[in-house]
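Q: Following the hints, put chain B in place on chain A, whose structure we already have.
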Amino acid sequence: DTGVSQNPRHKITKRGQNVTFRCDPISEHNRLYWYRQTLGQGPEFLTYFQNEAQLEKSRLLSDRFSAERPKGSFSTLEIQRTEQGDSAMYLCASSYSGGAYTQYFGPGTRLTVL
Amino acid sequence: RKEVEQDPGPFNVPEGATVAFNCTYSNSASQSFFWYRQDCRKEPKLLMSVYSSGNEDGRFTAQLNRASQYISLLIRDSKLSDSATYLCVVNSGQSGGGADGLTFGKGTHLIIQP
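Line by line, the protein sequences are chains A and B.
FYI, the working numbering numbers position 102 of the first sequence as 202, with every residue one higher than the one before it.
FYI, the working numbering numbers position 103 of the second sequence as 119, with every residue one higher than the one before it.
Pulled out of the complex, with its shape left as it was, chain A reads as follows:
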């Protein structure tokens, strides 16, 4: 399977714990995006990378959230001191800047904060 992959698929944690998610984009895609989706809502943009550079962050991305893409390939999203309001599906997408900009999504990581 050469699509976007995300791990873990599900994460249950207690409030106050730190969690880290991983995204592996489609191999030739240089852009990588993180979104958050809650029930009944469309995906909301969090941040994106072009290669290893983080070029934009949404105001939704509080200082408890940090994302990295150290080698321009996979990315990690860390949430520190999780809160119940962080419970959501975290989606990763990738695209190729030289193409039609179509974003392809991974299956997501569903986070539940107890």
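Treat each hint with caution, since some may be false.
Residues from chain B shown here face chain A by an in silico Cβ test under 8 Å; the list is partial [what the hints assert, rightly or not]:
1) E59
2) P60
3) L62
4) L103
5) L118
6) F120
7) G121
8) K122
9) G123
From chain A, some residues computed to sit far from chain B (all C-beta separations above 10 Å) [claimed, not checked]:
10) E168
11) A188
12) L191
Which stretches of chain A does chain B cover? Using the computed rule of at least three CB atoms under 8 Å from a CB of chain B, they are [unchecked claim]:
13) 138-144
14) 203-209
Honestly, the hints are just simulated from the structure, not real lab data.
Just so you know, even glycine gets a beta-carbon here, dropped at the ideal spot from N, CA and C.
A: This is chain B only, laid out in the frame that chain A set:
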């Protein structure tokens, strides 16, 4: 006003019928438009891009009206497998949605009944 607005539905439609959704967007500078499909607890998948001249892909037809700032999706001869949430997506370039400026609507829930 939300940047991208859709009727959340649900739309309950008998199999074989034709169904149409509309979506309105607020940023007149928006450049690209898409319909994504999302099945329950799955990731969004690109259904089709929407071009100014309108475009068709099998049973699906998308139209764009820039003057009125709305996008439509028409599904003919609906199948049970068309049951899903349809997300209207707009690239407004500077909406905070990343370099591609993707802003998602909340989605329209479609249920095809046998």
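Q: Confirm or reject each hint.
A: For each hint, the structure was consulted:
no., hint, in the structure
1, E59, "holds, 4 Å"
2, P60, "holds, 5 Å"
3, L62, "holds, 6 Å"
4, L103, "holds, 5 Å"
5, L118, "holds, 6 Å"
6, F120, "holds, 3 Å"
7, G121, "holds, 5 Å"
8, K122, "holds, 5 Å"
9, G123, "holds, 6 Å"
10, E168, "holds, 16 Å"
11, A188, "holds, 13 Å"
12, L191, "violated, 6 Å"
13, 138-144, "holds (count 5)"
14, 203-209, "holds (count 6)"
Going through the hint list in order, the structure does not satisfy hint 12, though it satisfies all others.
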